[in-house]
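Q: Quick mapping for you: the protein sequence lines, in order, are chains A and B. Per the numbering used here, the very first residue in the first sequence carries number 50; after that it's consecutive. Per the numbering used here, the very first residue in the second sequence carries number 50; after that it's consecutive.
Warning: the hint list may mix true and false statements.
Note that the list lumps identical chains together, so a pair holds whenever it fits in one copy or between two copies.
[To be verified] Derived DSS-like pairs: lysine-lysine, alpha-carbon spacing no greater than 27 Å straight-line:
1) Lys-243 - Lys-111
2) Lys-203 - Lys-111
3) Lys-169 - Lys-243
4) Lys-326 - Lys-111
5) Lys-267 - Lys-326
6) Lys-267 - Lys-348
7) Lys-243 - Lys-261
8) Lys-205 - Lys-261
9) Lys-142 - Lys-318
10) Lys-205 - Lys-228
11) Lys-318 - Lys-267
12) Lys-169 - Lys-205
13) Lys-169 - Lys-326
14) Lys-95 - Lys-205
15) Lys-111 - Lys-318
16) Lys-142 - Lys-261
17) Lys-261 - Lys-348
18) Lys-59 - Lys-383
19) Lys-261 - Lys-318
20) Lys-203 - Lys-326
21) Lys-391 - Lys-142
22) Lys-267 - Lys-142
Everything labelled a hint here was simulated from the structure, so no lab data went into it.
Protein chains: 2
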Amino acid sequence: MTTNTKVLFKSIPEGAANLANFEVVSEPFNIQTAAAALQPNSVLIKVTWLSVDPYMRGRMRKPEVASYSAAFTLGQPFMGHGVGIVVKSTSEKFAEGDVVLGILPWGNYVSVPEAAITRKINTADAPDLPHETYLGLLGMPSFTAYAGLVVLGKPKAGETLFVSAAAGAVGQVVGQIGKRFGLRVVGSCGTDEKVDHLVNRLGFDAAFNYNKHPIREKLAELCPNGIDIYFENVGGETLEAVLTLMNVHGRIPVCGMISQYDGAGYGVKNLFSVISKRITLQGFLVSDFYADHHDAFLKWMFEHGLDGTFFYEQTVANGIENVPAAFIGMMDGKNIGKQLIKL
Amino acid sequence: MTTNTKVLFKSIPEGAANLANFEVVSEPFNIQTAAAALQPNSVLIKVTWLSVDPYMRGRMRKPEVASYSAAFTLGQPFMGHGVGIVVKSTSEKFAEGDVVLGILPWGNYVSVPEAAITRKINTADAPDLPHETYLGLLGMPSFTAYAGLVVLGKPKAGETLFVSAAAGAVGQVVGQIGKRFGLRVVGSCGTDEKVDHLVNRLGFDAAFNYNKHPIREKLAELCPNGIDIYFENVGGETLEAVLTLMNVHGRIPVCGMISQYDGAGYGVKNLFSVISKRITLQGFLVSDFYADHHDAFLKWMFEHGLDGTFFYEQTVANGIENVPAAFIGMMDGKNIGKQLIKL
Chain A
50 MTTNTKVLFK SIPEGAANLA NFEVVSEPFN IQTAAAALQP NSVLIKVTWL
100 SVDPYMRGRM RKPEVASYSA AFTLGQPFMG HGVGIVVKST SEKFAEGDVV
150 LGILPWGNYV SVPEAAITRK INTADAPDLP HETYLGLLGM PSFTAYAGLV
200 VLGKPKAGET LFVSAAAGAV GQVVGQIGKR FGLRVVGSCG TDEKVDHLVN
250 RLGFDAAFNY NKHPIREKLA ELCPNGIDIY FENVGGETLE AVLTLMNVHG
300 RIPVCGMISQ YDGAGYGVKN LFSVISKRIT LQGFLVSDFY ADHHDAFLKW
350 MFEHGLDGTF FYEQTVANGI ENVPAAFIGM MDGKNIGKQL IKL
Chain B
50 MTTNTKVLFK SIPEGAANLA NFEVVSEPFN IQTAAAALQP NSVLIKVTWL
100 SVDPYMRGRM RKPEVASYSA AFTLGQPFMG HGVGIVVKST SEKFAEGDVV
150 LGILPWGNYV SVPEAAITRK INTADAPDLP HETYLGLLGM PSFTAYAGLV
200 VLGKPKAGET LFVSAAAGAV GQVVGQIGKR FGLRVVGSCG TDEKVDHLVN
250 RLGFDAAFNY NKHPIREKLA ELCPNGIDIY FENVGGETLE AVLTLMNVHG
300 RIPVCGMISQ YDGAGYGVKN LFSVISKRIT LQGFLVSDFY ADHHDAFLKW
350 MFEHGLDGTF FYEQTVANGI ENVPAAFIGM MDGKNIGKQL IKL
């Protein structure tokens, strides 16, 4: 008999999430009993790594409030990207001992339908790769960067890429992928330290602090040949400024509009540019891309992202009981780089 | 010796175009001399039909004013879609006697490089079809409708299509193509007569007069299952209303934003929907589609558009000297349906 600890969604936060919104419960757990009770086409998993990500705050809401992701269920475990080992399988797709990546409930042992599993990762592709890399450099934020920039942005060497929120988990990877596609990469962010980080560590061609410079003028200066791809994370005035500088047949993958989440809604006045420049503006969620593009993403990253030249930081917390604190710390910006939890 | 009459761009209109902006000049013309002087890879054409279209007003401007199409050159002939017979060819692609469709100068006899020719139309595809049909039902406005709705809109039977400016040259065809793809088709327009026309002659499922009804409420009533494809012709408040009703993975081909041409720029406040609903908003110009999609368009129209069930009206004026009056009349809304000129 062992112990299974789970983290449940206890209450809906008003404003910032806090520890009272999480409930950590431990109960005795018998693996044989759980294995015997496993539903058809399912797997029982011993979870080894979990990822916490800012989008989860958006799922901590009432279910009747519409959003692009489903609300977490009160009284049930949180869920998120995780890695684990299959200890029992009734699925033809997975066998005991497989290491798998999926959307997993926050618990030491979890039973999930096979559809919750994104992929088996103990393949011959990269046998020496630590499993948590699939939640870090190869995780969801990096796949988001790839899906938006490569699949939707269709980069061509010599083009100019602008990415807003460039020092964020997605933006950092967007810029680094962009450089490897031969793009001129320009980023915006909110502090001088981040500007330095983007240019001197990540290899951006240029970056600027939007709190110090008028966006339109600074962008025009840093993008003398216009903008071919705008990886959109912020919306509002930045989008309006970018539209004045986009080139014909420009692409705008829309990953986020963080300036617009409060619902105030900045009125973008120059959408006519979308016709005059034949621009494609395309909202996307990374979850739509796993089926068709995750293999290609991993292949590209194995070739270009694992040679040590790709900058990626992560912070590891230990123990499932520390997931709530790690999540709250991440939302407060206390972590450096990607926040992971080792179970 | 015969006479060649041409229509030249004489002056830039302020406001509406008028006869003083056009100059009709006639000069003696020797076909043999013109044929002998033909440049390499060119064709000398006897023009038989010309099309006048509203977009041409946008080309009657100073060249330094940026737009999506090139300005006409003062003192030179206007140009537009036309049909003619090749009387001399130095091109390997076209032979004497070929009937061709292209962007032709307004004149009885014109010499153009082979690149100006869109296609040879005296094929076996539809031998009995009057040549002017390639400027009418099979012309640029219909191809615009097809490119936006079929190529970009990717319609699936059962989906809901909304088209604004639905009684216009493009909108009418959008709706009729949409019906043949099994869509629920809803249109907006500016008079009750047009509403009647859309529903009772063109087969729209529903239509409304935007001068009489609040757009958002009326659209919600007429599109109870939301909107999957919005064929955008007007922009501004209509786009904002549509964004509130778009379904997940909705497509918005942007053909025009007629409410925004004056540059005032209505601020669209709910662009966040582009992410939450994973919407693709795509500005396009039909000229980008000829190379890859014109064959498929003609094939589709031969199969579905020429059986007599497709509603299409046209008005024919006679003689090249009447092109300016036909253009001005069209801009004043005096024509019924597509305005063509027979030379």
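Q: Would you mind marking each hint as holding or not holding in the structure?
A: Quick rundown of the hints versus the structure:
Neither within a single protomer nor between protomers do Lys-243 and Lys-111 lie at most 27 Å apart by alpha-carbon distance, with minima of 35 Å and 45 Å respectively. Taking CA atoms no more than 27 Å apart as the test, Lys-203 paired with Lys-111 passes in neither setting, with 37 Å inside one copy and 34 Å between copies. In this assembly of identical chains, Lys-169 and Lys-243 lie within 27 Å of each other by CA distance neither inside one copy nor across copies; the values are 36 Å within and 59 Å between. In the homo-oligomer, the alpha carbons of Lys-326 and Lys-111 lie at most 27 Å apart only across protomers (19 Å), although the nearest pairing inside one protomer, at 41 Å, exceeds that limit.
Taking the shortest Cα distances, Lys-267 and Lys-326 sit within 27 Å of each other inside one copy (21 Å), while across copies they are farther apart (31 Å). In the homo-oligomer, the alpha carbons of Lys-267 and Lys-348 never lie at most 27 Å apart, since the shortest distance is 36 Å inside one protomer and 49 Å across protomers. Taking the shortest alpha-carbon separations for Lys-243 and Lys-261, only the intra-copy value of 13 Å comes in at or below 27 Å, while the best inter-copy value is 53 Å. Proximity of Lys-205 and Lys-261 under a CA criterion of 27 Å is satisfied in neither setting, with 31 Å inside one chain copy and 48 Å between copies.
Within a single copy, Lys-142 and Lys-318 get their C-alpha atoms no closer than 51 Å, and across copies no closer than 46 Å, so neither meets the 27 Å cut-off. Proximity of Lys-205 and Lys-228 under a CA criterion of 27 Å is satisfied intra-copy only: 11 Å inside one chain copy versus 38 Å between copies. Proximity of Lys-318 to Lys-267 under the C-alpha cut-off of 27 Å is found in both arrangements, the shortest distances being 20 Å within a copy and 24 Å between copies. Taking the shortest alpha-carbon separations for Lys-169 and Lys-205, neither the intra-copy value of 32 Å nor the inter-copy value of 34 Å comes in at or below 27 Å.
Neither within a single protomer nor between protomers do Lys-169 and Lys-326 lie at most 27 Å apart by alpha-carbon distance, with minima of 43 Å and 30 Å respectively. Proximity of Lys-95 and Lys-205 under a CA criterion of 27 Å is satisfied in neither setting, with 43 Å inside one chain copy and 43 Å between copies. In the homo-oligomer, the alpha carbons of Lys-111 and Lys-318 lie at most 27 Å apart only across protomers (24 Å), although the nearest pairing inside one protomer, at 33 Å, exceeds that limit. In this assembly of identical chains, Lys-142 and Lys-261 lie within 27 Å of each other by CA distance neither inside one copy nor across copies; the values are 53 Å within and 59 Å between.
For the identical chains of this complex, Lys-261 and Lys-348 are neighbours neither inside a copy (39 Å) nor across copies (57 Å), given an alpha-carbon limit of 27 Å. Taking the closest pair of Cα atoms, Lys-59 and Lys-383 come within 27 Å of each other only inside a single copy of the chain (23 Å); across copies the shortest separation is 68 Å, beyond that limit. Taking CA atoms no more than 27 Å apart as the test, Lys-261 paired with Lys-318 passes in both settings, with 24 Å inside one copy and 25 Å between copies. Proximity of Lys-203 to Lys-326 under the C-alpha cut-off of 27 Å is found in both arrangements, the shortest distances being 17 Å within a copy and 22 Å between copies.
Taking CA atoms no more than 27 Å apart as the test, Lys-391 paired with Lys-142 passes inside one copy only; the shortest distance there is 26 Å, against 68 Å between copies. In this assembly of identical chains, Lys-267 and Lys-142 lie within 27 Å of each other by CA distance neither inside one copy nor across copies; the values are 52 Å within and 49 Å between.
Violated hints, listed in ascending order, are 1, 2, 3, 6, 8, 9, 12, 13, 14, 16, 17 and 22; each of the other numbered hints is respected by the structure.
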